[in-house]
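Peer 1: Each chain, written out:
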Amino acid sequence: MIEHTGSFQHQPGPYFGPYGGRWMPESLIAALEEVDRTFAEAREDPEFAAQLQDLFTNYVNRPSLLTEVPRFAAATPGVRIFLKREDLNHTGSHKINNVIGQALLAQRMGKTRLIAETGAGQHGVATATAAALFGMECTVYMGEVDTQRQALNVARMQMLGAEVVAVKTGARTLKDAINDALRDWVASVDTTHYLLGTVTGPAPFPAMVRYFHSVIGDEAREQVLAQAGRLPDAVCACVGGGSNAIGIFHGFLDDPGVELYGLEAGGEGMESGRHAASINLGRTGVLHGARTYLMQDEDGQTVDSHSISAGLDYPAVGPEHAWLHDTGRATYEPVTDTECMDAFQRLCRTEGIVPAIESSHALAGALRLARRWADEGLVGPDTPEGEQRIIVVSLSGRGDKDVATAAKYFGMLPDTETPAGGDAEAVAARPEGAQS
Amino acid sequence: MSETVNTVRSRTSEAIEAARAAGRTALIGYLPAGYPTVEDSIEAAVALGTNGADVIEIGIPYSDPVMDGPVIQAATSQVLADGFRIDSVFDIVKAVSERTDAVMLVMTYWNIVDRMGVDTFARRLAEAGGAGIITPDLVPEEAGEWFEASDRYELDRVFLTAPSSTDERVKLIVESSRGFVYGVSVMGVTGARSQVSTAAEQVVARAHAAGAPRVAVGLGISKPEHIREIGRYADGAIVGTALVSALRDGGPAAVGALTAELATGAVRDRAGA
Chain B
1 MIEHTGSFQH QPGPYFGPYG GRWMPESLIA ALEEVDRTFA EAREDPEFAA QLQDLFTNYV
61 NRPSLLTEVP RFAAATPGVR IFLKREDLNH TGSHKINNVI GQALLAQRMG KTRLIAETGA
121 GQHGVATATA AALFGMECTV YMGEVDTQRQ ALNVARMQML GAEVVAVKTG ARTLKDAIND
181 ALRDWVASVD TTHYLLGTVT GPAPFPAMVR YFHSVIGDEA REQVLAQAGR LPDAVCACVG
241 GGSNAIGIFH GFLDDPGVEL YGLEAGGEGM ESGRHAASIN LGRTGVLHGA RTYLMQDEDG
301 QTVDSHSISA GLDYPAVGPE HAWLHDTGRA TYEPVTDTEC MDAFQRLCRT EGIVPAIESS
361 HALAGALRLA RRWADEGLVG PDTPEGEQRI IVVSLSGRGD KDVATAAKYF GMLPDTETPA
421 GGDAEAVAAR PEGAQS
Chain H
1 MSETVNTVRS RTSEAIEAAR AAGRTALIGY LPAGYPTVED SIEAAVALGT NGADVIEIGI
61 PYSDPVMDGP VIQAATSQVL ADGFRIDSVF DIVKAVSERT DAVMLVMTYW NIVDRMGVDT
121 FARRLAEAGG AGIITPDLVP EEAGEWFEAS DRYELDRVFL TAPSSTDERV KLIVESSRGF
181 VYGVSVMGVT GARSQVSTAA EQVVARAHAA GAPRVAVGLG ISKPEHIREI GRYADGAIVG
241 TALVSALRDG GPAAVGALTA ELATGAVRDR AGA
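In order, the protein sequences belong to chains B and H.
Residue numbers for the first sequence follow this note's numbering, so the first one is 1 and each next one is one higher.
Residue numbers for the second sequence follow this note's numbering, so the first one is 1 and each next one is one higher.
This is chain B alone, in the form it adopts within the complex (with noise of 0.2 Å):
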C-alpha cells in the first residue's frame, strides 16, 4: 500500500507512485518530447480550449446523457443505478474524446498522417473518423483475431477512408496492434502521429489522455448532483488499459465518499488463467513505455490476455490506475465473462439499451456492488427514498459491435448460418441460465 495524502486530480505524470515513466527506445523520445510540449502548450491556450469545446459540442454530442436505470436495478432495491451515456457520442463510444483530442495536436504539430491500435474496433473507428475530418492519411493497427471478432468495425474504419493492417505476430491481438503501430512510428514519425487509445504507453500519454476523457466525469459529478442532489456512493467503469475509466474516476477523485470500482476482463476466471486482470493477478514490470501491473511468466515474457470483450483484451493496464490501486483510493475486481454477458442481456431486456461487452463488465460490477450492499444490509426494500444508495456506471460503448458475438453467445443464430462445430460450440460453451 502506498500512502497518499492531498489531491489525487491532475496528477501531471511521467510517474503516479512508481509506476508510469517513459520505457522507450531512444528513436522515439524525440517525438513524445513533441507531443508532450506541444500538449503543454495546447491546455494552456484558450483557441485550443474553444477548438475542443466547439468539436464536442457540435461534432461529439457532449455532454452525453446520464440516465437512470430503475428497471435495470429492480433486483436490488434501494440502489439507484444512472448510466454516464458515453455509447451516445458520435462513433458510439467514449473513445472520440481523446481522439478529437490528439487530433487537434497532430493538427497543431503539422502532422499528416495517423495511425492508431485497436482491439474492439471503437478507437480504430474513432481515429479513422477523426481522420475524415481533419482530412488526414490514417492506418490502423488490428490483431488479426480481432479483425474477425469485429469484422464490421473493419469495414467501417475501411469506408471512413483508412487503412486497416490486420497484425498476424505474437497473439495476433491488441498488444501487438500496438507493437506494429510503434515499429511504423519509429519508422514515419516526421509525417505521424500516433493516436494512442488508452490510459497506457510512455509519458505524456497516460496523462494527456485522462485529460481529454476526464470530461466524462467532470459532466457525471454535474449531472447526479443534478438529478439525484448529491454525489454518488460509487462510481463503476470498466478496466482494459483504462481509458473511459479514468476518465469517469477523475472527476470523483478528490470526493472521498465516492468508492470508485474498476471492473477488470476476468474472462474464464481468475483461476483458469484465461483472463485479462492484469491488476488482479498482482505482477509488476515495463511493457509499451510503461512501469505497470502486466500479465507476464516468471521469465517476464507477456503472457496473452482473454477476454470476450475485444477492447479488454490486453496484457496491461495504465499506470496511474496501477497507482490508485496501490493507494487503495480505487477498487479493482474480476468480472467473468458469464456475469459479463449476463449484465449485458439484463440492460438490453430491462431498459432497451445494448450495451458493448466492455461496458457490461462495469454494469456487472454495479449489480455485484448492490447485492453486497443489500448482503451487509445497507440497504433493501424498507430503505427510505433518501437514504438510498446511488451508483454511476460509464456506459462506455454502445453494442452493435457486438451482436454477432452477443448472438453466439446466447445462441441465437440460426443453425443455417452457422458451420455446424462452430455453432455446437457456441451453444456447449454457454453457461446455464445464460439464455433467457
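What the hints contain is simulated information worked out from the structure, not anything from laboratory work.
This structure is a prediction, so every number in the text was calculated from the model and none was measured.
Glycine residues also receive a C-beta, built at the ideal position from the N, C-alpha and C atoms.
Incorrect hints may appear among the rest.
As the list claims (entries may be wrong) - Pair ranges (Cβ atoms, derived):
| hint | chain 1 | residue 1 | chain 2 | residue 2 | range |
| --- | --- | --- | --- | --- | --- |
| 1 | H | R193 | B | D400 | 41 to 47 Å |
| 2 | B | E163 | H | G251 | 49 to 55 Å |
| 3 | H | G83 | B | H4 | 30 to 36 Å |
| 4 | H | D91 | B | A49 | 54 to 60 Å |
| 5 | B | G269 | H | T120 | 18 to 24 Å |
| 6 | H | E39 | B | D254 | 58 to 64 Å |
| 7 | B | E222 | H | T166 | 38 to 44 Å |
| 8 | H | A205 | B | D400 | 15 to 21 Å |
| 9 | B | T112 | H | R123 | 35 to 41 Å |
| 10 | H | R123 | B | D254 | 57 to 63 Å |
We have chain B already, so just place chain H on it with the hints.
Peer 2: Here is chain H on its own, set in the frame of chain B:
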C-alpha cells in the same frame, strides 16, 4: 558519474580498442539466444567469434520486440514457441565465452531484466562471463538500478542514440554509456537494407562530439562494403539480421562464412581513421 565509469574495467572498450590497434573497425555480431536450438545458437555464436567478430551480442527472445523487424521477430517467436527459458541465456554466454575470445554482450528488452531483478540478472551475467547489456528500450532516465548494478558487477552498459536524439540527449546517452554508444543509423526497426543510411555518419559525429570515445553503427548493415563505409567514421559496425538469415538458411557454418566475409570489410586501409 564519470569518476565511477573511469574506475570500472570495460572489456568491451578493450576489445574495440584492440581492433582499432590492429587496423580494424570493430565487428559486432548479433544472434538470438536459443535459435534455432540452444546447441546451435552456441555453435553459431562460436562461429561468429572465431571468424572475426570482436563483440558478440546475444539477443534474448522477448514477446514484444518493438525494435525488431520481421526476420528477427520470426526467429525469436520460434524460440519462444519452443519453450525457451531465460536461464539458458547464462548457459549460452558461459559456453560461448569459454570457446572464443570475443566479448559477450546481452541485448535485451528491459522487462526481462526487471522481472528477474536487475541485481540478480547482472550478477548472473557477470558470473557467466558476460561483459554487459545493450538496452534497446531503456533510456538513461529510467536506468537508475542498472547504473548501480552495472558498476557493482563491472558490466558495460550500451545505450542507443538515434538520428532524432537532441544534442542534450546525445550528451546524456554518451555520459551514461560504457563500452560503446550504439548509433541507430535509421529511424526504423532492425532489418537488412541495401544501403547505409546517410543519417549514420551524423549520428556518429554527434556522439563523438559529445565525448563518446567509441561509437558503433547498427540497423541495416549486411555487407562488407557497408562496414568499409562505416569504418571511415565509426569505431564499430553491428550486423544482426543478415547473420540471423544466414543461420536460418545455412546453420552455424553459414554464420561462420558470412562473418569471415564481413570481416574483410572491417580491415581499414592505411588512410582509414
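Peer 1: Next, verify each hint and record whether it holds.
Peer 2: Structure-based check of each hint:
no.: 1; hint: R193/H - D400/B: 41 to 47 Å; verdict: 45 Å, holds
no.: 2; hint: E163/B - G251/H: 49 to 55 Å; verdict: 39 Å, violated
no.: 3; hint: G83/H - H4/B: 30 to 36 Å; verdict: 42 Å, violated
no.: 4; hint: D91/H - A49/B: 54 to 60 Å; verdict: 59 Å, holds
no.: 5; hint: G269/B - T120/H: 18 to 24 Å; verdict: 33 Å, violated
no.: 6; hint: E39/H - D254/B: 58 to 64 Å; verdict: 60 Å, holds
no.: 7; hint: E222/B - T166/H: 38 to 44 Å; verdict: 43 Å, holds
no.: 8; hint: A205/H - D400/B: 15 to 21 Å; verdict: 56 Å, violated
no.: 9; hint: T112/B - R123/H: 35 to 41 Å; verdict: 49 Å, violated
no.: 10; hint: R123/H - D254/B: 57 to 63 Å; verdict: 45 Å, violated
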